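For the protein sequence lines, the chains are A and B, in the order given.
Reading the first sequence from the start, the letters are residues 8 to 236 in this note's numbering.
Reading the second sequence from the start, the letters are residues 612 to 1234 in this note's numbering.
Take the hints with a grain of salt, since some may be wrong.
[Claimed, not checked] When the alpha-carbon atoms are kept at most 30 angstroms apart in a straight line, the in silico DSS-like pairs for lysine-lysine are as follows:
| hint | chain 1 | residue 1 | chain 2 | residue 2 |
| --- | --- | --- | --- | --- |
| 1 | A | Lys37 | B | Lys830 |
| 2 | B | Lys961 | B | Lys830 |
| 3 | B | Lys896 | A | Lys229 |
| 4 | A | Lys82 | B | Lys646 |
If you're looking for bench data, these hints aren't it; they were derived computationally from the structure.
Fair warning: this is a prediction, and the values are worked out from it, not measured in the lab.
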Amino acid sequence: MVTVAFTSTSFSQSNPESPSVVQPGAPGQKTTKLPSDMKGTLPPVTEKDREFMRGMIHHHAQAVEMVDLMRTRTKNEELLRFGERISQTQASEIEFMERWLEMRSKKKPDKMQHKMDKGMHKKHKEMKSKKVQGDHSEHQMLMPGMLTPKEMKALAAARDDKFDYLFLVGMIKHHEGALVMVDDLFSTPGAGQDAEMFTFATDVDSSQRVEIKLMQEMLRKKERRKIRK
Amino acid sequence: MKIRKTNARLFCASIILLSLALITGAQAPSAQTPKLPEGMVGPDTSDPRTKLSAGLHDAGVASYGLKLTSSYKKPSNFLPSGESTGVETRRTQMAKKIGFSNTDIAFQGNTLFLGNYFGINIYDISDAGKAKLLTSMVCPGGQGDVSVYKNLMFMSVEAPNGRLDCGAQGFPRRADRRLAAEKERFRGVRIFDISNIREPKQVGAVQSCRGSHTHTLVKNVKDKDNVYIYISGASYVRSNEELAGCKDGPPATTPDSSRFSIDIIKVPLAAPEKSRIISSPRLFKDETGKIDALKDAGSHARKGRVFSSDHCHDITVYEELGLAAGACSGNGILIDISDPEKPRRIHSVKDKNFAYWHSATFSNDGSKVVFTDEWGGGGGARCRATDPLVWGANALFNLENRKLNFVSYHKLPAAQGKTENCVAHNGSLIPVPGRDIKVQAWYQGGVSIMDFTDLKNPKEIAYFDRGPVDPEFRFTGGPWSTYWYNGYIYSSEIARGLDVLDLVPSKYLTQNEIDAAKSVKMSSFNIQTQERLMIPNNMAVAKAYVDQLARSESVSKKDISKFRKAIAKAEKSGSSMKNKKKLKKVAKSLRKNAKKSKNADVKMRMNALASVLENPVVGTSSE
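All chains should be modelled from the sequences, with the hints used to inform the complete structure.
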């Protein structure tokens, strides 16, 4: 029986008998006793995981940008509310991804990183002032499903019904791109094993599928109305 | 303004933190200044829970009608080693202190099973209000949701680091491998023999195409030799190379898609190693055979794929009713399980305010269903002042003639901070007779108890909440599952450990009602396997009904005191013939009054009280 005390007193147990620490084997195999001071092992994180997060931040930022456009270009209540929900979801997911990346980055935040942060900061500031970005270099790296600069311009120029239509079609395409990214992640050897990463990617997949479905329904409603007219 | 203040504070801290501050500042503007959508109502910002101080183990606490009796940090084995993995910042240090996430809970006798992404911790809870760690079982592969039946323990594995041999190393990338397929990977349901509680042994492991996010233990009263496990798999479909028969693709061209179904494992109790998937019923199919029928007719399909509900997150079975309620991505569904091998969808609902159908709970009498919406998947801050009370909430349905009818929403009423992940999550019924009460986990929104007796006016009657894990950054934490079991409330805290809570009387809940709930005994409890909580005919229950009649103010004070006197007398002098007669007389007048009453709840309580008094069990009123 293990009698070694827990190494860290802050986590020591008040139990008189030490709990047993065990690891079962494959089905049918025996269970192994582990030293009571064993520590957890984190699953491996690959470069693909980091790449996915960086790409998804970029991808999500465009959804936030699209909703920012929406606020002054439509009066469709249902769409406005729905858009706000997308925006809040994606913006807070960006926060999460940034924290995740920082914790798994191999190097200390160096000058490069600093520059990138500043760049993002600037970009978001521009978004805040609700200006559409004319700087095409921002969009050089288009993740799957992202709208091209041309498509973004068309969206920014549209109003009301036309805007609603372009927004829905664009956001459906945008969301479908996220699903492609998740697909790609899980079909890459070694990727997606980190618990937070896995949960996040799975949630993105589930929730965006639901949102796509809702947007498709809105689009269908719109078309039906058009036909009636 | 807020951003500047945050930055200024961090600037003073250190140079490394400065770059963090920039990241904070760089977060998308909508996250910094979200607005409550027009026409919608948000949570209360003046609630004492809104501004609690942060801390992993020393956060501020606010509670009402609940008290924490004890709490237990995660065993150190479930924390990663302190070795540096790269950058060391306050955030990385906090992540190490938090360790692997705790998940769902199951109970059997005096034993509590606490799931975790790294394995399962087993506690002895025979000492009231306390827990003692018996076993830490290392076996990674989230979520680690657990259920227990006799000598068998079942565990859900979905994450791709899960290994058949419970190894913690995952699958390091190998240069010679082009495909992601790994024969040693395990995603599905593990089966352990727990005859020796200190040494669980893996006896079976049933692989499935999408792994098991959660699972449901299904019993069949007509078959004592087998149980079933319904697998809810919410994640990606693995490749055919890794597990033969797994397929992904658009339903129109992939009629044998691994999506749009659940998997059913048949477990022979005498030979659990022979457990296997016997079928994968198409719960979303229509009469024409379309497997993805749960969506509006007349598909638009302009570009690319059309999405419809393709999995369930939770399925709660209520065997006695022959029904199950499935929370299935974009829909809530009602399933006929009279033949547990052939579940059949009989009704479905959708809701424009629901982002993701997550879980379902029946009321004890089966006339109501609470569905939860896990908007944002549980990692997001969804209880801020600007998050509407109808998003990420509970939706309450009336269940009549095997049809669900929406009645109202209920959400945690207190606003939470932006570093607190918060949305409706797992909870269970508290068996207070005469009322429908559910205790529920809201992640970092804390524990909240909802009274939904009146479906139109659900209300919060008790809560327990801590401040955020961290003041600056949103770490996933808070209660994952909070369940009532034999008199106490056990709460699985994702980041902090295990909490045990006790009810405290308040104007919403009397000591008699608490005593009555505590007199209800369960021999085991698996959350997705709902069983009727049998209310005994004891005096605690009688007193609880009297308190409720008094609260409703629909019975005269004179009558109330008459009931109380009769019950007190019966308690004092036992079940003599004379006392029995006296109680019967009171019961008779109650029945008469019940007939006259126009209020359905009052009528129900009068009749329920009368039944207790007609056949009282005296002397075991409470613990």
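Evaluation of the provided hints:
1. A:Lys37 to B:Lys830: The hint holds at about 29 angstroms.
2. B:Lys961 to B:Lys830: 28 angstroms, holds
3. B:Lys896 to A:Lys229: 26 angstroms, holds
4. A:Lys82 to B:Lys646: 16 angstroms, holds
Hint check: no violations occur; every hint is consistent with the structure.
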